[in-house]
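Heads up: the sequence lines are chains A and B, in that order. Counting in our numbering, the first sequence runs from 1 upward without gaps. Counting in our numbering, the second sequence runs from 1001 upward without gaps.
Derived by calculation from the structure, the hints in this document are not laboratory data. Be a bit skeptical, because a hint or two may be false.
[What the hints assert, rightly or not] Chain B side only, calculated, beta carbon under 7 Å to chain A, not exhaustive:
#1 F1072
#2 Q1073
#3 L1142
#4 I1145
[Said to hold, decoys possible] Just a sample of chain B residues kept apart from chain A, beta carbon distances all over 12 Å, derived:
#5 G1071
#6 K1074
#7 T1086
#8 W1089
#9 M1129
#10 G1146
#11 D1199
#12 R1228
#13 E1234
#14 W1240
#15 D1244
#16 G1272
#17 R1279
[Unchecked claim] So the derived label-pair ranges between C-beta atoms look like this:
#18 A:E115 <-> B:G1287: 45 to 55 Å
#19 B:Y1171 <-> A:R197: 35 to 45 Å
#20 B:E1075 <-> A:M144: 23 to 33 Å
All residues carry an ideal CB built from backbone N, CA and C; glycine is no exception.
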Amino acid sequence: MQPPRWLQDAVRRVPVWLIYLGTALWLGGLFAMALFGRLGVDPVAELIAQYGKGALNMLIAGLAITPLRRFTGLNLLRFRRAVGLSAFFILCAHLAVFAVLDLQSLSRLGVEIAERPFITIGMLGFVLLIPLALTSTDRAIRKMGRNWTKLHRLTYVVILLGWLHYEWQVRGEVVEPLTYLTIILILLGLRFVPRKRAPLHKNVSL
Amino acid sequence: MAHRWTNDLTRADVTPKSIFANRRQVLAAMAATGFAAPAFTGPAFAAPVFARDEANTLDQIRSYNNFYEFGFQKEDPARNAGQMVTDNWQIEVSGLVDNPGTYTLDELIGGLTVEERIYRLRCVEAWSMIIPWNGIELADVLARIGVQDGARYVAFETTLQPDNMPNAGAYGMDFPYVEALRLDEALHPLTILATGIYDEPLANQNGAPIRLVVPWKYGFKSIKSIIRISLLAEQPPTTWQRIDSHEYGFYANVNPTVNHPRWSQASERPVGAGLFGGRRDTLMFNGYDEVAPLYAGMDLRVDY
């Protein structure tokens, strides 16, 4: 299966830095809205929620790239690093707003991580992303070889932790968290679809 | 019977209505003449940036609500509650009472003294507001309907209008919303039935036309838009306890020492104070220490 030519061409013309720029504008734009009172009565909670969901969405987008190429032929591989790093940057903002603007104290943060299981899990996910962000350079990819691929499979764990962290803090809602889980499980499951072997030519005449 | 309790927050803590009304007019005028960018003239920006102990503005109180029948997000009730029908409101009174039956609002509360009560409101989600309610003491209403011997609990039910409540059928919820108090809690002079805020009738999202306010308990105990009151001998189920008894107890007293599994109850974020409003420590019984004798001898870690 091949995507339409115009789509392939269009995607090829999109510069990778647009992902970083878009992420920065989105982060800054939301923060400015919060600053100017355009994000409702509880801007701190709203920023935390939006950044958190943004990071989850970005991680899911990253998870979609491989199956998208395999099952539709659309190749977005060259955006993958930017998508993953953007997810990491958004997560940094999520954590920063929580620690600096909401809790406003390191001791409170310590208590939260120790006593609130959903925050423990969220922090674990964040910590696991750090080595992935650090090894996202071309040099690391070259140096680590096969180990790089193995290490970066941690994103599967991170995304499940991220979902659990999000689902756990929801109050009352059921449908949206389950929709997220379904999408994540499908994207993970597609990786286990066996590849068709090339047909064996038994009756090749010599 | 009324005036058995005196505010610790006073009018001085409340932004006079004229001031925030004027402020909005000024901003609206500025917008009209092109002095302010339209993006900066919304209600949130128009609200004064106040110190932590001042009451929230009417705009804030009306735009940040939990009323799950209208949606899960804080802004949903303001958006969707307009369709709720509150005309010809009737309240069914039943159970261990001398005067059971269906009451109009006027029959139930007409002639009772309406007081202003400026209360702190602490949500179990660890945010808080200060709200100047107008209401009557629940004890006065209970006296009117005649509580019989043997009654130990007061149960309340919220209206359920599936056609007017977009989230009434939400999976995972269990409507109609029900709540209850022990009789001595219900009779405490702090406990009111509110009919207004800032001398304006309650907006639908705030629980029009009549709601409970129990300021020393987490907000979900203060049930909105009440259509049924029953006096009972046994403790009735309550909505959040039924959904998750591990997280929500029957008593739900504000208590910084009993942690909710998901939210720290040691501190709270006063909403409306903006991006840098910060936190403050949560007070036992939300600062209403006078209710402590109600729980003498009880282990509040067990009866949370």
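inquiry  = When the structure is checked against the list of hints, which entries are broken? Sort them ascending.
reply    = Failing hints, ascending: 2, 3, 4, 5, 6, 9, 14, 15, 16, 17, 18 and 20.
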